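Taking the hints into account, I'd like the entire structure generated from these sequences.
Take a look at the letters that make up each chain.
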Amino acid sequence: MSLILWVTLLGKFSFLSFLAVGGVMAVAPDMHRVVVDGLSLVSSEDFLAAVTLGKLSPGPNALFVAVLGYQIAGFSGALLIMVAMIVPSAIFAFYVTRWRQRNTHRLSVQSFAIGASPVVVGLLFSTAFILVKDFSEFSTLTCVVMVALIVWRTRLHLLLLMTLGALLGLSGLV
Amino acid sequence: MSLKYFDSKPQNLIALFYVFSLITLQGFGGVITVMQRTLVDQRKWFSQTEFLEMFTLSQVLPGPNVCNLALMIGDRFFGAKGAVVAMMGMLVLPLGVILVLASSYDQVAVGSPLAGMIKGMSVVAVGMTLGTGLRLLSGIQTDVVGRLVPMFVIAVVLYAVGYLRLSVAWAVFGCGAVSYLWARHCLQSRLAKRKAHQ
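Taken in sequence, the protein lines are chains A and B. The first sequence begins at 12 in the working numbering and counts up by one. The second sequence begins at 56 in the working numbering and counts up by one.
Just so you know, the hints here were simulated from the structure itself, not pulled from any lab data. Please note that a few of the clues may not be correct.
[What the hints assert, rightly or not] With a straight-line cut-off of 25 Å between C-alpha atoms, the simulated PhoX-like cross-links for lysine-lysine are:
#1 Lys64/B x Lys136/B
#2 Lys66/A x Lys174/B
#3 Lys144/A x Lys66/A
#4 Lys64/B x Lys99/B
#5 Lys174/B x Lys144/A
#6 Lys66/A x Lys23/A
[To be verified] Simulated restraints on C-beta separations:
#7 Leu21/A x Val155/B: 20 to 26 Å
#8 Leu169/B x Ala84/A: 25 to 31 Å
#9 His116/A x Phe228/B: 20 to 26 Å
#10 Leu184/A x Phe228/B: 39 to 45 Å
#11 Gln243/B x Gly183/A: 55 to 61 Å
#12 Leu184/A x Gln243/B: 50 to 56 Å
#13 Arg164/A x Gln253/B: 40 to 46 Å
#14 Val94/A x Gln253/B: 52 to 58 Å
Just so you know, these numbers come straight off a predicted model, no measurement behind them. The beta-carbon is built from N, C-alpha and C at its ideal position, and this holds for glycine as well.
As structure tokens, then:
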């Protein structure tokens, strides 16, 4: 891969990292436009495989970007693209956090902290709602509601819940 | 905010790295659930409200939001070094896992046992996201803003983003503005009342 292509790719991903309000998955369609349609570095199927891997492996979903990098240029590609994706927005986040810490007495900062929290809770519900629409069977929906109630009301270990989910899926019940 | 939250904190940078690695490795389909559990309920580094405040800021900032959240937490305890270490904790081990998976990945056949397991786990992950939302409800400062307006905001966000599929940015800036102005109004009238008492 030529140097110019690398600079273009990493530059575009750094730029996208600044647009990724609400998480990296929010800009996944734009990434598709860059690596599949624009630079044709990976196929559409590979892109989908990367997203799936990101979902089913532990850790932040944003790691699917590393799989894209891996598909393009192996391990070094994965590292480079992760740095491009994460470092610029992290530096920005760092300074905004510091600024907020120094200005907690300001009315605007306090209003923001209190005012934005219902929006964030609403976004969590939205994520769950969007994903739940993929499920149609009654047993699956029951399982979602049960898990939600357990997480809300009890302190049952989350890995236990995951294991149960895997077993239920294996037996074809959900 | 009760005082008991202030005496529990990570001992050193290694402990910080360890805790975040543990959180991230348990985070299948939603690290935030595990993070809330570990840091608020188990280790009591933060109160529900403090955690929700930081989570809110991390969501509004660009970039992977759980990484931003880790960065904030690390910075709070150990400054810039802590921010870097916490973020590394979130990323290093799962990066290893996902690259091993990527190098051995073949299309998972539909109907295979593995596909079934993944389906079951993703069902649980959806339930966990919902459960975390319900749990964080108690972090909303209803003593300041009441119940009605936050409920309304949550409903509108759910309708706009979940049902109509409008962009997240729209929800953040549109509903956020309304909610912000309401919180500001409530805080201001509180201050005015306090001054009148003095």
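Here's how the hints hold up against the structure:
At most 25 Å may separate the alpha-carbon atoms for a hinted pair to count; Lys64/B and Lys136/B meet this at roughly 16 Å. At most 25 Å may separate the alpha-carbon atoms for a hinted pair to count; Lys66/A and Lys174/B meet this at roughly 11 Å. Between Lys144/A and Lys66/A, the direct Cα distance comes to roughly 17 Å. Compliance with the 25 Å bound is thereby established for this hinted pair. Taken as a hint, the Lys64/B and Lys99/B pair is honoured in the structure, with Cα atoms around 8 Å apart against an allowance of 25 Å.
For the given pair, Lys174/B sits about 14 Å from Lys144/A by alpha-carbon distance, which is consistent with the 25 Å threshold. Using a Cα cut-off of 25 Å, the hinted pair Lys66/A and Lys23/A holds, with the two alpha carbons roughly 23 Å apart. The supplied range of 20 to 26 Å is met by Leu21/A and Val155/B, whose beta-carbon atoms lie about 24 Å from each other. Checked against the given bound of 25 to 31 Å, the beta carbons of Leu169/B and Ala84/A, roughly 28 Å apart, stay inside it.
At about 25 Å, the CB distance of His116/A to Phe228/B agrees with the hint of 20 to 26 Å. Separated by about 42 Å at the C-beta atoms, Leu184/A and Phe228/B satisfy the suggested range of 39 to 45 Å. Against the hinted window of 55 to 61 Å, the Cβ-Cβ separation of Gln243/B and Gly183/A comes to about 57 Å, which satisfies the hint. Checked against the hint of 50 to 56 Å, the pair Leu184/A and Gln243/B passes, with Cβ atoms roughly 54 Å apart.
The beta-carbon spacing between Arg164/A and Gln253/B, approximately 43 Å, falls within the hinted interval of 40 to 46 Å. In this structure the supplied range 52 to 58 Å holds for Val94/A paired with Gln253/B, their Cβ-Cβ distance being about 54 Å.
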